[in-house]
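Participant: Take the sequences, apply the hints, and build the full model.
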Amino acid sequence: MSGLEALALALMVPGTVFFVAGTVGMLRFPDAVSRLHALTKADGLGLVLIAAGAAVAAGSAGVALRLVLICVLVGLAGALGAHLIARLVRSGGEG
Amino acid sequence: MDAMIVFDLALALALVGLAWAVLATEDLFAAVVLFIVFGLMTALAWVRLAAPDVALAEAAIGAGVTGALLLTTLRRTAGAATPEVTPPAVSWGVGALSLAVTAGLGAAFLGAPSQGPGLEGAIAGNLAASGVEHPVTAVLLNYRAYDTLMEVVVLFAAVVAVWSVAQAPEAETPAPGPVYAGFARLALPAAAVVGAYLLWAGATMPGGAFQGGAVLGALGILALLARSYVPAPEHRAMARAAFIAGTAVFALVALAVGFGPRVAFEYPPALAKPLILLIEAVVTLSIAATLAALFFGREPEPLSVEARP
Amino acid sequence: MSPDLIYGLAGLGVFGIGLFRALTLAAPLRRVLALKLCAVGASFLLIVAAYREPPGAADAVPHALVITGIVVMVSAMAVALALIHRIAVLEREGGHD
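Chains as they are written, first to last, in our numbering: chain Y, 77 to 171; chain S, -11 to 297; chain E, 181 to 277.
Keep in mind the hints are simulated off the structure, nothing from the lab.
Since the model is a prediction, treat every value here as computed from it, not as a measurement.
Where is the CB? At the ideal position from N, CA and C, for every residue including glycine.
One or more of the hints may lead you astray.
[To be verified] To give an idea of the interface, some chain S residues facing chain E are shown, with a C-beta separation under 7 Å as derived from the structure:
#: 1; residue: PHE23
#: 2; residue: ARG36
#: 3; residue: LEU37
#: 4; residue: ALA39
#: 5; residue: VAL124
#: 6; residue: ALA149
Facilitator: Pasting the structure below:
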């Protein structure tokens, strides 16, 4: 395995661990707001690590820039979704 | 690639499990959310089966726009009467029949020649004269352009049908708030650029009019939700023009090239690329307007005053 | 044991589930979901028929057919959902006579 591939693997494996941790948090936490907390934090970091690993494995600057754009957009959308759900929970919707 | 077989098996099991769960859940909202997840898993399966165009279309239209339509319908029909349950005897009988049909299809599928020679040779051989470099775009916009014209007509028919089923305006939902407005200010221009890029890239790599049109349609849905755009009765003429533009331009171009020695839909090879781009651009705008209108669900003004409660 | 065999059987399973539920469920929204599942199952078979082993390029005609199918399906679902909404409104008004 070349050095680049090893580095990509070293980035993606912790990313996967973070995603699994976020999923476990979503299944095990008691109420909606703590589940949101697990999802946004863990999945966001997991996505950045996996995207970094994919950018290293792809090797081209164009692909790396597109992955950065994807991370930014997913981060924005995730934050917005979490905000809307938390606002609904606080105003008395379903838990 | 053998390790990927484990992933394929896991994804296939997840797909069948999700399909069962979508229709076995009691709560309708959970069923719709599971359905959106199912759509995204299907998009993953398309990527594994070397169909990236279909994956883009499924994720944007099949999971995204369909999910949005289902959720608004859920909200509008909340509290509707629950219909009666099917008697168990009928359920078991239909289940046995479905199992038999599926088993027959499975036998046919397993007995059929797999990965046999198809049309990829003919597609690749004529690609140079088609005006684009991507096989799927060539099939959609050139070889089978007639089917695509009918598809655009189906979209137009859908918006005509939805506008004809007149509804009184429903109660206003509360505005989403400043965080959403800020997100819209950032995301809508980015979505417009992504949609235009998908349209442009469709000539040489996975992309095309439908995927770009779906992204722009999602932009329209976001604008409707954020109240950045409120449909008014004065906009109806412009909306109608947007709905019909794709069909009209497509049909006109297809018929106009049919003069002289050519038949309809037979683009002259020198003009093929500009004609395809023109058709794709107008069809993208049409698709975006149609999808946003289907989400909004009604004409901006009710047809008759008696429809109001 | 290649990807097309696995996904082809999965697609048939999804189609069978959709067919069974489309005929036995009574709520209109669920029937629409079940029919969409049938459409997805059929799309699986088309895409699997187009799949070739990795060095070869996939056949593009079934891909175009499935993209057309996805767009037609969303149009049909939009009309079906508008009708469901209309029926619900009429039932609500009918009960308040």
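Participant: Work down the list of hints and note, for each, if the structure agrees.
Facilitator: Hint by hint, here is what the structure shows:
no., hint, result
1, PHE23, "holds, 6 Å"
2, ARG36, "holds, 6 Å"
3, LEU37, "holds, 5 Å"
4, ALA39, "holds, 5 Å"
5, VAL124, "holds, 5 Å"
6, ALA149, "holds, 5 Å"
Violated hints are absent here; each numbered hint is respected by the structure.
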